[in-house]
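Engineer: One-letter residues, chain by chain:
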Amino acid sequence: MTGGVVVTGYGVFTAFGWGEKALRDGVFTGTQVFAPVRRFDPTPFRTPMTAAAAGDPELDAVLGGCADDAVDMAGLPLDTAGAVLLGSAGDWRSVTRFSRGQAYAPGPEVPGVLAGMLADRIGFRGPRLAFTNACVASATALIHGWRLIAAGRQEVALCAGAYLVEEENMAKFDSGRTLAKDGAIRPFSKDRTGLLLGDGVAAIVLESEEHAVRRGATVLARMTGFGVASDAYHIAKPHPEGRGITSAVRQALRRAGASEVDYVNAHGTGTPLNDGAETNGLRAALGSDTPISSTKSTTGHMLEASGAVEFVVSLLALLDGVLPPTAGYTTPDPACDLDYVTEGPRRAPVNRVLSLNAAFGGMNTAILLERP
Amino acid sequence: MITVARAATAGELEPVPGFIESAFNPLVYHAAVRCLRGREFDGSRLAVVVSSLIGDATTTGLASRLLVDGQVHNAILFMQATTNAVLGLLSRELDLTGPLLSVSTVDDDPLDTAELLLADPELDAVLLLTVELAADERTEAVYRLLGRTPPTTDGASALLLERDPQ
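Protein chains in written order, with the working numbering: chain A, 1046 to 1417; chain H, 1039 to 1204.
Simulated from the structure, these hints should not be mistaken for laboratory data.
A hint or two may mislead.
[Claimed, not checked] Just so you have them, the derived chain A footprint on chain H, three or more residues with Cβ under 8 Å:
id	stretch
1	1099–1106
2	1114–1123
3	1135–1146
Ideal Cβ positions, reconstructed from N, Cα and C, are used throughout, including at glycine.
With the rest of the complex left out, here is chain H (with noise of 0.2 Å):
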């Protein structure tokens, strides 16, 4: 059995110290946050699941660009490049020592994921954030490879997962 607490985040964003150019990240950080504001938790017995099939295209094309360009990149880049940089924050705020998972998939339920990771008898929660970013012309091609939609805005969900503790 679980319990739900959903938080959804889009549009304008408060930057979060640290990270540059690209509102993944911010997003991530904000909807996790959200959800997890306020309520009573134990760090070492939650799991945090990032869930995105393309991850930060904008991170990744601007890096890609000031290599083609040859320019030297911005060291904050090289942090934000993966997913670990946003979790590594948020579980040194909020004292999150249980695992931090990202993934990428094409046509499986995160949620069978979140439900897995519940069935371990060390942990009691698990947050599940969804994120994508506005198709750009790169990503575009992919999810018409995928026949699906691009997306137009950034957005990202947050689900707050618990196993009944009786």
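Extracted from the complex, chain A is given alone in its bound form (with noise of 0.2 Å):
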């Protein structure tokens, strides 16, 4: 390969609803849109509250139209030889309705499967893969595409991520005490108590610069580092001192030869655990000038997508030149005392931006955008 890996498209879903205006509109100014939840009965859990769009939406169906509008940015043909590479745990309604006696259909809540339809439903005919480390799967999955694109064995990669709010999940975090109790995320603040689930789908497309230039594709921004590192802590929490986010974004500015960015689109569950770790491995590695915010603070905890979502977030933050909001910001912590961006969206001139995600199990992983 010569020259870089570039984005050339990307299609996206929140509880905003469709597109980057949506998220233009809803993430970027700071809005909440959390509410009891309609899809099911949430009265079991310790709370109610989601970011979910309106309706049931089905996940392949979400997935598919995301990545359709990937696609069609990219311009390119619906027969190509690219990989397909997506985070996700699979479509969890399928297990339950196994699990009521309800009709059943198998197939979408394998995620290898999953990879395969959507791969079928674009026609890419290149590998299908699909990535189930939880919380940094789809972000696992844009660096696989990268590695696939670099090692000069595809020339595109539809990298994607699905997660839409179920009551499997809701059921599992709230026997894991990870729900904010009183319904409200609060990232970085010192009265936040967990995290709320959100809905949320991307696809993006990774390129060869060679072969977007050759067919003359618009360039978005290039995709120059990335890190993944694991803390060796615990079997669940953040190692405290954030070890492995400050490897993660040390090998990802190594990668890319920089020193510092413009804005990073920090992991920022809102647990009380995560965002001083985070808080701690950030200021480790890059300081303590630089602009963070947790984004999940309007979108909600988006599970296996996060990586992919925040990645179009971080995309959109490095076009536009402006810093999305923590929404929800309360309380100063003295365990957290980074620029959290807490005033509401912020004009900065931006040129690189890193999207950080963190895991169950100590994993993290971090993406580096520069401009074209």
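Hints in hand, dock the two standalone chains.
Structural biologist: Structure below.
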């Protein structure tokens, strides 16, 4: 490969609706749309609040729609020797239907099958792989896409992530006592009590720069670096000093030949443990001056889809020169002492952004995007 | 060039503290430990890939039945519902600070993923763990959909791939 790995298209769906306008109007204005979920009975859980779009959309349909949007924006033909890399645990509602003895169609609940269905829909004939490593799954898919392209094995990769609010994970996160007990998400705020789930699906076209230029595609951004590192600390909790986060960020900077970034889209779940650890890890890697925000404060936690949706949010910050705020922030926490963009959207010169994700088991990813 | 070490495990397993009901995570754990035991490696330059088409259907099914029966979830089921938990345990015990992945694929060879990771100059070795549980009623339907024979036993294998240092 000559040149780098570039972004040429994307499609996105969140609780705010379809597409980048919905994302700009919602995430970039700091609007919170958390409300009692209507898709199922939430009364057994510590909070009924989620950021769920209207209705009860099917995961494979939303995923397919986002992929269609991404491929359209990239201007790619439908029959392409590209890879399809998905971050998803599958459609949990199929499992619930089976357990309830309702009509059950096997397949979409298996991540690898869902990736194959997506590839069939858009006609990509390359590798089809689903990543299932929880909240870094779709960031891992993006990094895998970068690897495939950089190694010259593929010229195009559609990297996606998909999660829609459903009751299997609501029950699991409730039992793990990670949901915000007061129904409000306040990342980095002293009075934060936990996370809230949210709908999120995104698909991104990564492409070799050479391939994009050859076919006259518009390059939206370059993916110039990434880092992947683990805490080696605990089965579930993050390392309190953010050891893996620091390593992932430093690795991403090293691969990109960079020393600083203009904005960090943090993992920022709003749980007491995550936000302090992330703050420590970021401070060690970047110092204290870089603006950071948690857009889960508006989208909710989209689990496996977080990396893909937040990649698109980071891309829009880069394209627009606007940093999305951390919404819901109330009270400074001495353990979280960085610049969290709490005052609302902020205009700023943005040439390089970093999207950060972390997951259960101490896994961390960092992805760097730069202006073309 | 690669060198390989293999370990396979099935049947009765020592339990792994913190994991209950399902053989999935103990299989991953014991296959990994058997493969890596006695070997010298730099944990920051080793990636771990768990490949399983279906994943931990036992935990998934148990948690789902508790949900539809209106019973309170066991928090341990929350923790072990993703492969991340056992990978987190392995990373702590073996000081693995490199990439930890889990994948599901119908047709792709997980060796391709391992080989691609070995192309990264920041990695020297990849531990590839393949695990599937015996099919239950739900997953049997998935295997039938794919035209495959459902597995009748639980099993895991581990393969350590290392780049030739020269």
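Engineer: Give a verdict on every hint.
Structural biologist: Tested hints:
1. 1099–1106: holds (count 7)
2. 1114–1123: The restraint on the stretch 1114–1123 of chain H holds, since 8 of its residues have a Cβ under 8 Å from chain A and three suffice.
3. 1135–1146: holds (count 12)
Checked against the numbered hints above, the structure breaks none of them.
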